[in-house]
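Protein sequences appear in the order of chains X and H. Residues in the first sequence are numbered from 1 upward in steps of one, following the working numbering. Residues in the second sequence are numbered from 126 upward in steps of one, following the working numbering.
No lab work stands behind these hints, which were simulated from the structure alone. It cannot be assumed that every hint is accurate.
[Claimed, not checked] Taking lysine to any residue and the SDA-like style, the derived pairs with C-alpha atoms no more than 20 Å apart in a straight line are:
id : chain 1 : residue 1 : chain 2 : residue 2
1  : H       : Lys299    : X       : Gln88
2  : H       : Lys595    : X       : Ile123
3  : X       : Lys87     : H       : Ser552
4  : H       : Lys618    : X       : Gln88
5  : H       : Lys622    : X       : Ile97
[As the list claims (entries may be wrong)] Have a look at the derived ranges for each label pair, beta carbon to beta carbon:
id : chain 1 : residue 1 : chain 2 : residue 2 : range
6  : H       : Gly990    : X       : Ala17     : 31 to 37 Å
7  : X       : Phe25     : H       : Gln273    : 41 to 47 Å
8  : X       : Phe25     : H       : Leu530    : 33 to 39 Å
9  : H       : Pro615    : X       : Ala17     : 33 to 39 Å
10 : H       : Asn517    : X       : Thr31     : 52 to 58 Å
11 : X       : Thr31     : H       : Thr1011   : 37 to 43 Å
12 : H       : Arg316    : X       : Thr31     : 35 to 41 Å
13 : H       : Gln898    : X       : Leu18     : 30 to 36 Å
14 : H       : Gln466    : X       : Ile123    : 55 to 61 Å
15 : X       : Ala17     : H       : Ser994    : 26 to 32 Å
16 : X       : Leu18     : H       : Leu458    : 24 to 30 Å
17 : X       : Phe25     : H       : Arg1017   : 23 to 29 Å
18 : H       : Phe463    : X       : Leu18     : 24 to 30 Å
19 : X       : Leu18     : H       : Ser407    : 32 to 38 Å
[To be verified] Partner residues aside, some chain H positions facing chain X, computed with beta carbon under 10 Å:
id : residue
20 : Thr205
21 : Lys248
22 : Glu361
23 : Tyr362
24 : Leu365
25 : Leu366
26 : Glu607
27 : Gln610
28 : Thr975
29 : Ala976
30 : Ser1006
Positions of the beta carbon are idealized from the N, C-alpha and C atoms, including for glycine.
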Amino acid sequence: MSPNEIIVLIGGTSLIALVVWYFWFSSSEGTRIQSGTDGLQEALIKVKGGYSPSVIVVEAGKPVKLNFLREETAACSEHVIFPDFGKQATLTPNRTIPIEFTPDTPGEYEFQCAMGMLRGKLIVE
Amino acid sequence: MTKDIVCGMEIETPSAFKSTFQEEVFEFCSEKCKNEFDADPEKFVPREHKSEATYQITSNGVEKLELPIIDMSCASCAVTIEKEIRKLPGIQKAAVNGATEKAYVEFDRSETSVTQIIDAIKKSGYKAGYAKLRLGIRGMHCNSCVSQIERELSKTSGVLSASIDLGTEVALIKYLPAKTDLSSIKNIIERLGYKTFDSSTLSKSSETGESENKGKNKAGAENDSVDENQQAREKEYKSLLYKFIFAAVISVPVMIFSYPDFLRLPEQFQRGTDLLYWTWFSMGVVTLPVMFWAGSHFYTGAWSAFKNRSANMHTLIAVGITAAWLYSTIAVLFPEIFPTQALAEVFYDVTAVVVALVNLGLALEIKAKGRSSEAIKKLMGLQAKTARVVRNGKEIDIPVEEVVLDDIILVRPGEKIPVDGAIVEGSSAVDESMITGESIPTEKHIGDEVIGATINKTGSFKFKATKVGKDTALAQIVQMVEDAQSSKPPIQKIVDKVSGYFVPSVIILAILSFMVWYIIGPAPALIYALVVAVTVLIIACPCALGLATPISLMVGIGKGAENGILIRSGEALETAQKLDTIVLDKTGTITEGQPSLTDIIAINGFKEDDILNLSASVERASEHPLGEAIIKGAEDKGITLFEPNNFNAVPGHGVEAEVDGRKIMLGNIKMMRDNSIDVEDLENKSLKLADEGKTPMFVTVDGIAAGIVAVADTVKSDSKDAIAQLKKMGLEVVMITGDNLRTANAIAKQVGVDRVLAEVLPEDKAMNVQKLQSEGKIVAMVGDGINDAPALAQADIGLAIGTGTDVAIEASDITLIKGSLKGVVLAIQLSKATMRNIKQNLVGAFAYNTAGLPVAAGLLYPLFGILLSPLLAAAAMAFSSVTVVTNANRLRKFQPKFSNKS
Chain X
1 MSPNEIIVLI GGTSLIALVV WYFWFSSSEG TRIQSGTDGL QEALIKVKGG YSPSVIVVEA
61 GKPVKLNFLR EETAACSEHV IFPDFGKQAT LTPNRTIPIE FTPDTPGEYE FQCAMGMLRG
121 KLIVE
Chain H
126 MTKDIVCGME IETPSAFKST FQEEVFEFCS EKCKNEFDAD PEKFVPREHK SEATYQITSN
186 GVEKLELPII DMSCASCAVT IEKEIRKLPG IQKAAVNGAT EKAYVEFDRS ETSVTQIIDA
246 IKKSGYKAGY AKLRLGIRGM HCNSCVSQIE RELSKTSGVL SASIDLGTEV ALIKYLPAKT
306 DLSSIKNIIE RLGYKTFDSS TLSKSSETGE SENKGKNKAG AENDSVDENQ QAREKEYKSL
366 LYKFIFAAVI SVPVMIFSYP DFLRLPEQFQ RGTDLLYWTW FSMGVVTLPV MFWAGSHFYT
426 GAWSAFKNRS ANMHTLIAVG ITAAWLYSTI AVLFPEIFPT QALAEVFYDV TAVVVALVNL
486 GLALEIKAKG RSSEAIKKLM GLQAKTARVV RNGKEIDIPV EEVVLDDIIL VRPGEKIPVD
546 GAIVEGSSAV DESMITGESI PTEKHIGDEV IGATINKTGS FKFKATKVGK DTALAQIVQM
606 VEDAQSSKPP IQKIVDKVSG YFVPSVIILA ILSFMVWYII GPAPALIYAL VVAVTVLIIA
666 CPCALGLATP ISLMVGIGKG AENGILIRSG EALETAQKLD TIVLDKTGTI TEGQPSLTDI
726 IAINGFKEDD ILNLSASVER ASEHPLGEAI IKGAEDKGIT LFEPNNFNAV PGHGVEAEVD
786 GRKIMLGNIK MMRDNSIDVE DLENKSLKLA DEGKTPMFVT VDGIAAGIVA VADTVKSDSK
846 DAIAQLKKMG LEVVMITGDN LRTANAIAKQ VGVDRVLAEV LPEDKAMNVQ KLQSEGKIVA
906 MVGDGINDAP ALAQADIGLA IGTGTDVAIE ASDITLIKGS LKGVVLAIQL SKATMRNIKQ
966 NLVGAFAYNT AGLPVAAGLL YPLFGILLSP LLAAAAMAFS SVTVVTNANR LRKFQPKFSN
1026 KS
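With the rest of the complex left out, here is chain X:
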């Protein structure tokens, strides 16, 4: 094996390890929502090629209002869906579209665009 080949072998393997770690094993900190005086947990989520913040932590049993602001026209992000809560919204570009529900059971619930390309997570504690 030539030195070049060894470099490619080592480089490629470590790149694969990096991909595996970054996408599957590292986890980003969720954004915790503070609830207002009347218990409403409200947050603004910007939508542009992804959701930011994409991991949201809320408390169970209190109403949640997530305001989605889509800052692009790319067709991908047109819908946002919370399959576990049966909620969806069509996001009109540059308008704040609220989704409201009350999660009762703690757990992790995914939300996503219609095709599942953009994903986010709602952690209910």
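With chain X fixed as given, assemble chain H onto it according to the hints.
Just chain H now, kept in the frame of chain X:
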């Protein structure tokens, strides 16, 4: 309880903290709120324009603005909005009142604008109230005219923003109604030398702040946003198309000069020449705008996903085209670092062509997807715009959002019925096909329900609004369809699991292919390794996978709504095709649910019409449903009834009364025997009628048997056909009823049901469904949704037969708006067709990816010498998701089948 208008808190009344202003008493939660109120009561209770925005400019240049805010649900919202407004420059004071739902802002116009304030309110998640106006303008020839008008309008006080589209000649103006109005805006434009015309509607948008309209204007808002979404989609489509054209134009020369030897270009363009070197160099430069303008969305999408630790199609494309460009550029700028000249190859063509093709694919996909959601758009578009309401004795036309409960609405022939209600005057035939799918117009008389968005055909009538805004059948249908389209059938959950791992796996596969080709591949190894890795990245199409289920579901559920079938969820749709047993409730499902007159038998020289007349006249004094059926039967024959005297009901036996001077008895055989009446052979006839499931009643006149009138709950005209069709589809059909076995069997025989569960108490219906389920069957229950609710819930699929405008029946998985059993057949056929379509899509998408990836990685190369070009991979990828959407759109042609084949 009352509300503290300072902080918005609900407080007990009477409160210790009170204040009087404008002869009105206000109560507060604390001393602090009271003091705040006393200091400036007008801040909380404006003297005029209670619900509209006001706007004034003070002498020192500071502007005071009062904006209504919509959908403020809590006091904490006020703080959020205030915070957001204060972030703007030049804000001197910002106060948001939770009780009056208004924002009071003082600001310096030189530093900030009203639009910015409204945007700030929007940013915090709320809407500011203002009126929106669409106005046509004629006589504009160029962009400078547009900017002149826009400038002039935005200088006008009260106008928040004005934007004009030269193409459509339409101006969209947002303004504060308290400050300016339509005619003054028109004046300004006309003063500049242009003509104005009403462009269809002058509508206060969803964002008008009249609190009385809150909630009711949802339908209007939806229409509005549908348009906006449509525009956004259209814009995206156009922009993708431009980007495609740009990339395609660059692609052609780039491709030609990338293969000088293959295309046999003239001598001076061959490898090693200066001319080719500079050509390549300029190719590298011209592909830059292709990447960063035409392909910018790949980078922004990939970056956003990367930040969120996820990857998507954009990631794959972005990495692929970047790798190709970087390699080529190094080859052009530093050819000496490659060991052999053959390695200094350029792949600018890959970058340009991939961007062009994928953009074209995305554009086509948007077009196709627009068609997929047509059904729901059609539904939303059904909403009437105006209503002619009778108020204070006058007929006035008002926007449909302003119709309130109990309004009396006048509808003329050919007009759309604006909201749900009940007819109070007049009658007509109404075309309800858009809601129920029933093509024949329905006759409507006083007391009958009418459904909003249906079309009045023949006569004029007045009706009382019983449901408005989001409570109307149409609004509920739209809501249900939207919810269902967002739900996921179980099959999709598996796909979701896979797609979460898909993109990173493809990246790993690309790296692996690179390594393998570099280490054991043929020379020039680096070139092969790069081409293969890029091809792998580009051919993978996570989009097709992600799109497969939702797009078919959207078309299928939309198609159902078009035919009066509301499917609550994707899960219901998936289960409906696996059914093996259908349990039908008898009353109201197979039958009409209301008794009607079926037979008249006359003996002893009496005429049939006389018997009907006399018995119906007796029943006028009774309130029994069977009696009503007889009266209705007489009325239908145009018989004038007498007034009964000395009416007497004998419980369990019958009724008697004097009619037209004669003593009439109407009752069962016991009544006849008790009164020793010779019924001759009528008894046999009555038994025969009873065997047919009818209820016979003997009629006597002055003590002599005169005949029999029989009533029965009649079978719906198409029940028999529908049941035959269900059986043909291989389903076991069971009838369940609380009636006695004889009646039940009679009906079952008429409609062709084999298995009958009779004398089942309403509360035992669910248990009977469970029994069938314990036989290992997947059971659907069809019932009315009220009495049968527990059974509907118990069944694997509960189908509720709709009753008028109540469409959102909680216990049901599927609601059939039209009362026909054919809807059951249709629902099952639709479910089968949709699931078949979903499976085709999934199989296609999986097959494409599982077959495409290994070929791209060069698996076939050692055996057959086949290696995929990255250009071909880009084409395949771009069109695979278009194919999925196109296949789903085939479902739009779904037609219910009531033929011999099932």
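For each hint, the structure was consulted:
no. : hint                             : result
1   : H:Lys299 to X:Gln88              : 29 Å, violated
2   : H:Lys595 to X:Ile123             : 31 Å, violated
3   : X:Lys87 to H:Ser552              : 41 Å, violated
4   : H:Lys618 to X:Gln88              : 17 Å, holds
5   : H:Lys622 to X:Ile97              : 28 Å, violated
6   : H:Gly990 to X:Ala17: 31 to 37 Å  : 33 Å, holds
7   : X:Phe25 to H:Gln273: 41 to 47 Å  : 60 Å, violated
8   : X:Phe25 to H:Leu530: 33 to 39 Å  : 58 Å, violated
9   : H:Pro615 to X:Ala17: 33 to 39 Å  : 35 Å, holds
10  : H:Asn517 to X:Thr31: 52 to 58 Å  : 54 Å, holds
11  : X:Thr31 to H:Thr1011: 37 to 43 Å : 39 Å, holds
12  : H:Arg316 to X:Thr31: 35 to 41 Å  : 52 Å, violated
13  : H:Gln898 to X:Leu18: 30 to 36 Å  : 52 Å, violated
14  : H:Gln466 to X:Ile123: 55 to 61 Å : 56 Å, holds
15  : X:Ala17 to H:Ser994: 26 to 32 Å  : 30 Å, holds
16  : X:Leu18 to H:Leu458: 24 to 30 Å  : 28 Å, holds
17  : X:Phe25 to H:Arg1017: 23 to 29 Å : 44 Å, violated
18  : H:Phe463 to X:Leu18: 24 to 30 Å  : 26 Å, holds
19  : X:Leu18 to H:Ser407: 32 to 38 Å  : 36 Å, holds
20  : Thr205                           : 7 Å, holds
21  : Lys248                           : 7 Å, holds
22  : Glu361                           : 4 Å, holds
23  : Tyr362                           : 8 Å, holds
24  : Leu365                           : 9 Å, holds
25  : Leu366                           : 13 Å, violated
26  : Glu607                           : 6 Å, holds
27  : Gln610                           : 7 Å, holds
28  : Thr975                           : 18 Å, violated
29  : Ala976                           : 21 Å, violated
30  : Ser1006                          : 9 Å, holds
Violated hints for the displayed structure, listed by number in ascending order: 1, 2, 3, 5, 7, 8, 12, 13, 17, 25, 28, 29.
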